[in-house]
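J.: Taking the hints into account, I'd like the entire structure generated from these sequences.
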Amino acid sequence: MADAAKRPRRGDPASPARALPAFLRWCAEAGVQLSAKVGVSRVGTAAAYGLLARESLGAGEELFSVPRTALLSQHTSALAPLLRKAAALQSSSGWVPLLVSLLYECTLRSSRWGPYFSLWPQFAGLDHPMFWGHEERAQLLQGTGVLEAVEKDLANIEMEYSSIILPFLKAHPDIFNPKVHTLELYRKLVAFVMAYSFQETLNEEEEEEEPNPPVMVPLADLLNHVANHNANLEYSPESLKMVTTKPVCKGQEIFNTYGEMANWQLLHMYGFAEAYPGNTNDTADIQMSTLLKAALQATDTEMEEKLVLDQWNFLCHQEIVGEEGAFVIGWERVFTEEELSVALQVSDLTS
Numbered sequence: 001m002a003d004a005a006k007r008p009r010r011g012d013p014a015s016p017a018r019a020l021p022a023f024l025r026w027c028a029e030a031g032v033q034l035s036a037k038v039g040v041s042r043v044g045t046a047a048a049y050g051l052l053a054r055e056s057l058g059a060g061e062e063l064f065s066v067p068r069t070a071l072l073s074q075h076t077s078a079l080a081p082l083l084r085k086a087a088a089l090q091s092s093s094g095w096v097p098l099l100v101s102l103l104y105e106c107t108l109r110s111s112r113w114g115p116y117f118s119l120w121p122q123f124a125g126l127d128h129p130m131f132w133g134h135e136e137r138a139q140l141l142q143g144t145g146v147l148e149a150v151e152k153d154l155a156n157i158e159m160e161y162s163s164i165i166l167p168f169l170k171a172h173p174d175i176f177n178p179k180v181h182t183l184e185l186y187r188k189l190v191a192f193v194m195a196y197s198f199q200e201t202l203n204e205e206e207e208e209e210e211p212n213p214p215v216m217v218p219l220a221d222l223l224n225h226v227a228n229h230n231a232n233l234e235y236s237p238e239s240l241k242m243v244t245t246k247p248v249c250k251g252q253e254i255f256n257t258y259g260e261m262a263n264w265q266l267l268h269m270y271g272f273a274e275a276y277p278g279n280t281n282d283t284a285d286i287q288m289s290t291l292l293k294a295a296l297q298a299t300d301t302e303m304e305e306k307l308v309l310d311q312w313n314f315l316c317h318q319e320i321v322g323e324e325g326a327f328v329i330g331w332e333r334v335f336t337e338e339e340l341s342v343a344l345q346v347s348d349l350t351s
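So that you can map any letter, position 222 of the sequence shown is 222 in UniProt numbering, and since no number is skipped, the others follow by simple counting.
FYI, nobody ran anything at the bench for these hints, they're computed from the structure.
Do not take every clue at face value.
As the list claims (entries may be wrong) - In silico DMTMM-like pairs for lysine to aspartate or glutamate, Cα to Cα no more than 25 Å straight-line:
| hint | residue 1 | residue 2 |
| --- | --- | --- |
| 1 | Lys-37 | Glu-238 |
| 2 | Lys-293 | Glu-323 |
| 3 | Lys-85 | Glu-200 |
| 4 | Lys-85 | Asp-174 |
T.: The structure is reproduced here in C-alpha cells:
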C-alpha cells in the first residue's frame, strides 16, 4: 500500500465516456441510491457534469442519498489511523487533514475512491483565478476584491505546504514522496476542496464546538450551482440526501446551492460567475480602504492628512472599518449601511 502511494497514476486517464459509467457503478457498490427519475450527464448541463430530470419532479423528492461510509474525509481515508495521531497537522483553515488524505488517495493506485478521482483527471479542469497568470489576474480582477483574495490564498497555500505538509511528508517516507506529492498538486487539491467539498453546519447544541471539517461527497459535488436553485443537500446521521426544493420539469437541470454568494465569491472559490441578471445574491463590494485613499487624496495639508488618519484609526479601533473589510451593496439595499453611514460621518465625507 505504501509503495503504491509514492508513485503517480500511470496510463491514459479514463475518458468521460468511460469514467462516468465506472463512477456510477462504484456509487451503486458504495451504497449510493440514485433515483431513476434523474441521471448524471455531460450533455445539456451548465458546466461539465450535471444532474438532469428524466421525469417531472415535485418539491421534496429525494434525488439520491450518499451513505456517510462513502464520503471521503480524514476519518474514512486509509490514512485515518495515522491522521488521528498527527497532532502537528493543525492549521487555521482546518483543511489540512482532508488535504493530506486527498494527496494520498488521489495518487494511490488501489484507492477505494479511484473511480471518483477518474472524473477529475489531473484536476485539469479547475478554472480558479489562482491558476491564471499573474498579469492576467492583475488586469482582469483589479478592483473586484478577488485579486487580493487570490494572492492571500496563494501565499497561505505555499506557507502551509512548506511549514506543515512537507515536514509531515518527509516524516513518513514510506507513504509519501515529495516529488509526487508536490506543491503544485497541493495547490490543485486546495482548489478542489474549495470548489467541491461540503461542510456540515453545527446545530444549536453544538455552536460552541469546533466547526465540522470539510468532506468530499461523491455525486453531490457533480451538481452545478445557480442562485435560483431547485435542490439542496440534507444531512442525517446515516447519510446525506439531495432533495428538490421546488417542482422540476422533465429535461431540466437540477441545481444545488453553494450558498448566497456574490459573483466575486463564486469566481474566487469556484472559478465561474452567473450571467446577469441570474445571480440575485450578487453584490458590489467596495474595499473599506478605498474610503481612506479617497479622503487622503482630498487633503491639502499635513494637518488635514493627520486628521484623516486619526479618524481612520478611530474607526478601526471601534471595529467599524478594517483594512481588509468591504462595504457591501446589494441589488436593493446596502448590507453594511450602518458601517458606511458612520464611516462617512466620521470621515466628514457626507457634505
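J.: Run every hint past the structure and note whether it holds.
T.: Right, here's what the structure says about each hint:
1. Restraint check for Lys-37 and Glu-238: the C-alpha separation of about 23 Å stays at or below 25 Å, so the hint holds.
2. At most 25 Å may separate the alpha-carbon atoms for a hinted pair to count; Lys-293 and Glu-323 meet this at roughly 11 Å.
3. For the hint pairing Lys-85 with Glu-200, the CA-to-CA distance comes to about 24 Å; that is within 25 Å, so the pair holds.
4. For the proposed pair Lys-85 and Asp-174, the alpha carbon gap of about 17 Å is at most 25 Å, so the pair holds.
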